[in-house]
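Chemist: Sequence:
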Amino acid sequence: MLLQHLPISSINIADDSYRTTFAPRLEELKRSIRTVGLVQPITVRHTTEGTFQIITGYKRVLVMKELNRQSVPALVCEHNEIPPDRAFLMNFHDNAVRGEMNIIEKSNALAKLQQFCSLSEEELVTQHLPLLNEEPSYKILHQLLSLQALTEQMRHHVVTTDMALTSAVRIAEFTSTTQQSLLAVLSYIRPSGAKLNELLSLIREISARDGVSVESVLDRYKLLTIVADPDASQTEKVKALRQTLRGIRLPQLTERQNKLAELIQSLELPDHAKLITDPYFENQKFKLEYQFTQPEELNVLMMKIKGAFEKQQWQKIFDWYQA
5 MLLQHLPISS INIADDSYRT TFAPRLEELK RSIRTVGLVQ PITVRHTTEG
55 TFQIITGYKR VLVMKELNRQ SVPALVCEHN EIPPDRAFLM NFHDNAVRGE
105 MNIIEKSNAL AKLQQFCSLS EEELVTQHLP LLNEEPSYKI LHQLLSLQAL
155 TEQMRHHVVT TDMALTSAVR IAEFTSTTQQ SLLAVLSYIR PSGAKLNELL
205 SLIREISARD GVSVESVLDR YKLLTIVADP DASQTEKVKA LRQTLRGIRL
255 PQLTERQNKL AELIQSLELP DHAKLITDPY FENQKFKLEY QFTQPEELNV
305 LMMKIKGAFE KQQWQKIFDW YQA
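If you want the numbering used here, it's the position in the sequence shown, counting the first as 1, plus 4.
Bear in mind the hints are in silico, worked out from the structure with no lab data behind them.
Keep in mind that the hints are not guaranteed to be accurate.
The following label-pair restraints were derived from C-beta to C-beta distances [as the list claims (entries may be wrong)]: (1) His276 - Gln319: 36 to 44 Å; (2) Arg213 - Gln288: 23 to 31 Å; (3) His276 - Gly103: 40 to 48 Å; (4) Ser75 - Arg102: 21 to 29 Å.
Built from N, CA and C at the ideal position, the CB exists for glycine as well.
With these hints in hand, go ahead and build the complete structure from the sequences.
Modeler: Written out as structure tokens, the structure reads:
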């Protein structure tokens, strides 16, 4: 293995044989290289065609190219000096020790460990998942490997939105065409992991109930129109989408929730008062929350409560809720 300064033009950047990197964030590395130069040489493999395959240092090469550097220091191995399985293991450990791999890169790494090294699931779980800062779990192994079914565009969405593994796994269960249809909707919102899982479950349940494709569900109920509203905030878009899907999936429950909201509105409580009930109507208890800073505000609440009692509004709510 010799240290040389290679012209960047001689390196086959498109050759992804040993690469696990996906949608890298290069800003910090670029600042570092611009300030102090390249601290660590890359490692390349000289092919029989005369070009150079990157073994380690793909991100460093990208940054050097963006900075218009003409050459890069590299440790050069001849093609017969290092077999493909060892070359990939070098890449794997180089990336794993940095601890900066996103879930798509972890998925790529595990898939290529199977490809190059023919490792058993037990070896991947016990020896390699811990190196990726993951629990040694067969479930996690299968979840990460399932991400190989994601489309290229969806993989970018997963990385750029820092999507949770559980959500990405759910999306990977859909076909490629369905993923593209989902992406058209998901690109407008950034729900939490729990809310995204709920949205995906609702869409799948509606699709199964109606016997139609997910694409048909998205089109039939105009879900893209809901999230594409330019005047709505991210929070408002997610809330509107959840309410729409819940209404489609459980129309009777949604109708009952809307009726209760109307009855609570009729109490005319102060803005900072909140009457909390079980959204599924399984718990018969009510809870009243109120935030205030002055005694006069508490008096306003008491007057509103008293007025609602005199108008029998409270009794209407209790009778309706318990019916």
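Chemist: Give me the numbers of the hints this structure contradicts, sorted from smallest to largest.
Modeler: Hint check: 1 fails alone, others pass.
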